[in-house]
Structure formats: structure tokens, C-alpha cells
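One line per chain: the protein sequences are A, B and C, in this order.
Position 89, counted from 1, in the first sequence is what the numbering used here calls 829; the numbers after and before it change by one each time, with no gaps.
Position 159, counted from 1, in the second sequence is what the numbering used here calls 146; the numbers after and before it change by one each time, with no gaps.
Position 97, counted from 1, in the third sequence is what the numbering used here calls 232; the numbers after and before it change by one each time, with no gaps.
I should point out that these hints are in silico values taken from the structure, not numbers from a laboratory.
Cβ atoms here follow ideal geometry from the backbone N, Cα and C, with glycine treated the same way.
Wrong hints could be hidden among the right ones.
On the chain C side, residues computed to face chain B include the following (Cβ under 10 Å) [what the hints assert, rightly or not]:
no.	residue
1	A202
2	K208
3	V249
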Amino acid sequence: MLTAIFAILFYLAAAILLVGLALRIRLYAKTPAPLKIPTTPAPITRGGVVLRMAREVTLFESLFKSNKWTWAFGWVFHVSLAVVLFRHLRYFLQPVPEIVAIMQPVGVLAGFSMVAGLLALWGRRLVVERVRYITGPSDHLMLALLVMIGISGLSMKFVAHTDIVAVKAFFLGLMYFDWKPLPSDINLLVHLSLVLTLMIVFPFSKLLHAPGVFFSPTRNQADDSRERRYAPRGLLKPQAKA
Amino acid sequence: MAAVSSDFKPKERVVGDPIEIPQIACGAMAESKPFVAKADHNEKLGFPGELVEDWHDKAIFRLGELLENNRALRVYLDSCVKCGACTDKCHYFMGTGDPKNMPVARQDLLRKVYRRHFTWAGKVVPWLVGAEDLTKEVLDDWYSYFHQCSQCRRCSVFCPYGIDTAEISMAARDIMDTIGVGQKYCNEIIGKVFNIGNNLGLPPKALKNTLEGLEEEIEEETGVPVKLPLDVQGADILLVTPSADFFASPHMEGLIGYAKVLHEAGVSWTLSTYASEAANFGMFVGSQENMQKVAQRIAKAARDLGVKRLVFGECGHAWRVAYSFLDTLAGPFDFLDPNYPVPQHICEFTNDLIEKGKLRFDRSKNDEFRLTFHDSCNVARASRMGDKPGGQFEIPRAILRATCNHFFDMAPETIHEKTLCCGGGGGLLTDELMDVRVKGAQPRMRALKEVADEHGVTHMAAICAICKAQFSKILPQYGFEMDGIVSVHQMVSNAILLTGSTQAEEFDAQHRPADATA
Amino acid sequence: MSTMTAYEINGLVAEHDEEGYLKDIGQWTPELAELIAKSEQIDMTPDHWEVVNFLREYYEEYQIAPAVRILVKEMTKKFGKEKGDQKALYALFPYGPAKQACKIAGLPKPTGCV
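Construct the entire structure; sequences and hints are all you get.
As C-alpha cells, then:
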């Protein structure tokens, strides 16, 4: 029964996440960008734009210019999250690739730094007057959700061990449509429930910043309006030939 | 004229960290609003004369249209994570402390309505995601705070997703115009462009008289018959410049500088009565249709006069529209000479000549000026000069260094891409907004004060008509001289040694004896 | 900013906009100019009148107020260098010879980046 519920929920959540994101990305992609608006100085070639975007999404270049604390907390959180997600590949791949195996101890550390980064970001929301002003209930909830995912995950390693062999069997079973029983440890169920929640809210929340940044015209446009005519089709009424 | 609120004493506030973060003062600027446009101002632009009856539905409908037609708006309304990176970056926030002048909070005024009507979460759990209905109170807030944004894009430099509050502000102003709530200053001016050809409402006869007067003055001063040609068929270059250059100071001193440079370059050039305006307030009100109509006047003038090149005078947002949008809005310009950039900035034109050694200067003529340079936002963050990114910072400074002996930059966090708005940009340069204009100028005034104290800087040069007009009003309030703001080409004008001019003769005479004795 | 919407003098009612500029410039009279000046905290002296009269003459010919530089040149001709420079004009009309003097002269406000 429990296995069936979680199995169905995971299919559902994965579908919502993937379809929701795909629809949103399609919407971004097909919405026209009528004018050239890169924030300058901007790269003047497409290659330069790729580099700018790469720096933006890996180093958080703009955030670094803005505020070193927010940058440090945010960067630590995001990098840790990436490492943690990478570590979780071992539940979905059989055999486990060597690189994933090697990363396991780092992944555990990243679990801690992820939670630390989140708590620091949360602290800013409470302590810094300006950030408190712009923080709404959903911002607190999102942080709470992520922190609890982190803590419940860590608890399975450090508080009450879960039968991770069975967990892996469950997820492989999900992927090959051959369901295997899910252990019923409370911290595992909490962890998975929160992850399900995150997957479901992703396409409807500010987490859309993840695909959004790639579609940001101030960052993804080249500064080449004098070199190359920018004329997106069908946008502007035909010019009055007076 | 709206007075500056009495508890704000510019002269006492001029010393301090330019980008100091203020204490939050909720609602401090809620009452700051520009005059509402009259019916005939709005109607000339294709907008309803006054607030329409079903304004709520019309506004939501218009927001939907904009979302479908502007990727930036859609992505930016979705993407903000409220990280706070922009919260201390707006000059109006720094000067007023009103939290709704924090870029994210300004965006949220529109975002909350977007969420309510266009997102699933905002429809189902509005309280959770900060979604709100568009009420009359919210509309009033829009009118106040979207007219406290100068669309300077400073916040977009610091946002990890590049969210540009200018795009949000433009959309909000477009929506307000669509339901009949226009801003008098901008809409009246756009109407004048359609009727007369420029923001000022300067008729051709007056323009001709003004230019002839300047020709006389220049000839009196230099002995050289420098011309300011108007509507000359078949000239090589059409110079498009803000109409303030035909009227105000120090703008006009800059115009004299362009004329001298163009004369010395030996090119044939002309101004146009039909396109006697570089500025394009269609951008400020966020109306693409109006922006395009204004831009097309320039294309038409270029075609009708049969020119080969297009050069723009000193005007910040005009250069953005010219550099980034003109080809899209009014192109293609395949009838112009492809060997020159289309369009070209007068600073690029002058700097090219300087680099080729074609201009001679007597820099000592500018020795009474100890200069700094104010990067104008639209030039700094929304356009370029020259071949390389950042040329917009280097080229005007290169001109100043070539024409003046004393040049000092302001603090690095207040120049180049991090430059601070003069406080009057984006359609706010109107007397009834004087309070927010004075307060918004505080960061720049402090940066100026630092170099004034440290290096004895006496003057600040700019390449934007709005900056120049704003500073000539604001400088005295902060205890500086009114004429402490100058045009870049004013410095060129002062120092240039025109071939055959009395200045050139004097200069050569002074420098000849040394050679003779050698 | 004045709260009234019209100037009233000797039975004449002359409507003005939010900032005090006359709606119908045909209604202007020298007496009205004195009244507008008073609401701007200016006492009209002969020097003020020189400026105002020149603005009106120029406007009649060109349908716009003269540029500050043109005004300065004209006043320098009339008053000599010392009393005719830009600073002296600002002393006469603290909120700018263009805008404030235009208001008193009954002319529309110059608009744009000025």
C-alpha cells in the first residue's frame, strides 16, 4: 500500500515537474523579445554571451558584484545542492559509475554545507531589514522545505539508518515499472514526501529562476545591434513608408 | 513647483558615503506623483483621455498582451527569488529610504497583480505568494512609484537573473496609459514631437534663428565662418540632437562644440527641422508604438535629405534608442554608407578625429575647469561606443583628457556600469517631482563632493540633456555652483584650435618664439 | 504650488494650469503679470520688465520663448556685461529665467530636457 502510494506520487510529481517546466520553457522560448536590451557592457559575440551566461550560472557573477554575504551563502547552497543531487545518482544508476562512488564522502559534507547555506540565507531574511521587508510567506516556506529536506536526508545517515539497498531497489523499480517495496522508516518517508512537494511546486514557484535566467534578455543577448540588424519577425507593425 | 520636503536638507547631507544604505521609511514617498495628463495629451498618443470605466479589466487585459509580447517582462515577473541583491542599489531608495523604491519592491507592485491573474498559485493561494487584486489603491501606488523609477538599469547590473526594473516600469506605464492614466510631462512632450518635431515645441523659424545666432557668435569668437546648416539636401551627415541643445545651457555650448568639430572635419552635414529631436520619450512611457513613430521621423528625415550618415548628439536615452533600437524600429538603413557605424555618436566622431591627429587643442583654455565625468545611465548600461565593450566609458573620457589638463574620476562604485542616475531620468525631469529628483541625486552629489574635496574638482561633464538640465537645478541645492555641469563638447569647443581661427594664430604665435630662437 | 485654478484681477478671471501658467495667453495684461509675479514672490522692477517684454516680443515672432543664451545676449546688449549675464538673470528670476519669466510673461512653459 505505502509502496503503491509513493510510487504513484512519484510518477505524478515527476510528470508535473517535467511537463510543467517544459510548458514554461516553451512559453519563454516562444514569447518574443522585441528589442535588444543587453545590460552593457555586454559581450559582442554569441560566444561571449555563452561565457557570460556560464559565469552567471556557475559563479553568480552579478550577485557577487552586489553583496558578498548573499553571494557566499547562495553560492555555497547551490553548489552543495548540485553535489548532493549528484551523490543521489547512486539510487538511480546500476552499476554506480565510479565518479559517483568517489563523490560519496564529499556529498555527505555537501549535505551539511547545503543546510548551513540555507540557514544563513534564512537568517538574512530575518535580520536584514530590507530583505525582511520583501520576504513573503512563500519565501519562508520554500526555505523551510529545503532545510527539512536536507535535515531529514542527513538524519538517515547520522541518526537512524535507512535500508538504502531497499530504497535503491524501490527507485530502480520505479524506473523499470517493476515496483519493489519501500522501507517505512519515518525519516525516509518525511524526506521523500518533502521532495515530492518540491517537485510539484517547482514549476509554479520562484524556482522558475532556474530556467528563467537562461531566457533573460539582459544577459543572453549580444551587444551587436549596430553590426547585425535585429528584426524579430511579426512583432512590429510594418513601417509606415511616408 | 513642489518643494523639497522640509526635513531633507541637501547641504547637510552632501557629505557621506555615496552609496550609504538608508534607514527604511515606509510610505515616505507615497505622495510623490507627477501631474496627470490632460485628455488631449493622451489622445494625441492614441490613449483614452481619462480613466476608462472598466479600467480594471482593461488593465489586466493589457498586462496579458504585454506578457505575450515581451519575453523580458514574463521571465522577470516569474524569476525573482527575493534575494535582496537589488535592494540597496536604487538611487531613489538611497535618497528617500522608502522601501517601495527598492527595485524588487517596485517590481512587486506589478508582480502581485501578475500573480493574482496569471499564475496558478496566485489564483489558488494568493496570501501565500503575495498575490493581490488591482484595486484603486494599488493603481495609485503604481502611479506614485513607477514614476519614481528613472529606468536607469543600475539594479539590473546586480541582479543574478538580470531582472531589469526598467522593463517592469515601462510595462506599468504602458498599462496606465492604456486605461487613460497618462503622465502629463511625457505625453505632452511626445505630442509636441508629432506636431512640431521636437520636445521643446521649437518651430522651424525659431530653430533657424537660433542656429544663425550661433553662427554669428562662433564667427565673432573665432573668426571662422562655422555653419550650423539646416535642412540641407544631399549633405553627407544628418546630425540628430536633443532639442534642449537649441535652448538650454550647458546644452547649447555642447552644440557649438559639435559644429566646430564637424567644421574642422571638413564634412558636409545638416540638422533637420522634421527630426529636430534625438530624444524619444516613447521609451519612457513604455509605448512601443509611440517610440516607433518618433524613431521613424529620424529615418524619414535621413531618407528625404538623402544623407549618407547618421550622427547623434549628446543625449543619454536617445543614444540607447538610436544604438539599440533604431534599426529594429525604423530600419533597415541600407541606404546609408556602410563604411560608418549606423548610427554614430558625436563622441565617437570626435574621438576618431582626435586619434587620427586631425584636431588641435589648446588645453590650457580649459584650465579653469577641474573636471570629473558623470556616466549617463542609458549610455553606460544600455548602449556602447566604439568597437569594444566599455567604449562608452573610455571614449568620452578620452575626449576630456585630450581637451582638459585636470581630470579626476569619482569613486569606482559610482561610475562606469555602476554609475548613479542624475535623479531626473526616465521622464521624471518635471518640476512637480522636484522632491524625488533632489533626493535621488544625493548619491551622485556625494560622489561629486568627494572629488571636489579631494581633488578640487569644480565641474562635472555629461553627455545627456536630462543630466545637464537636472544638475543645473540640483547642484545649487547641494551647495555647488549652478554652472558646475558642462557638456563634453563644451570642453571641446573651448579648447579646439580651428584652422585659421584667432585662437590658432595666438597659440602658434605663443609657441613660435621658442622655435625661432632654437 | 498655488491651489487656485485662476488668477483674478479687476474682474478678469484668467485660468491657469497646475503650475500657474496661463491657459489662454491672450488674457495676459501687465497687471496680471504683476499678480503672477507676486504669487512667485517676485516684485517686478524695470529690470524684470525688460526680460518679460523681450520674452513676449520674441514669442510673438517665433512662437516660443528664446533660449537662455539668446536672452543673455539680448540683456547684455541692454544692461551691459555685469547685469546681463546668466547669474544676474537668475537673481531676477530664481527659478530660472526661462521657466519663471515665461510664466510671468503669460507664455507657455518650455518643455523637454530643459
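We went through each hint and held it up to the structure:
1. A202: holds (4 Å)
2. K208: OK, holds: K208 (chain C) within 10 Å of chain B, min 7 Å.
3. V249: holds (4 Å)
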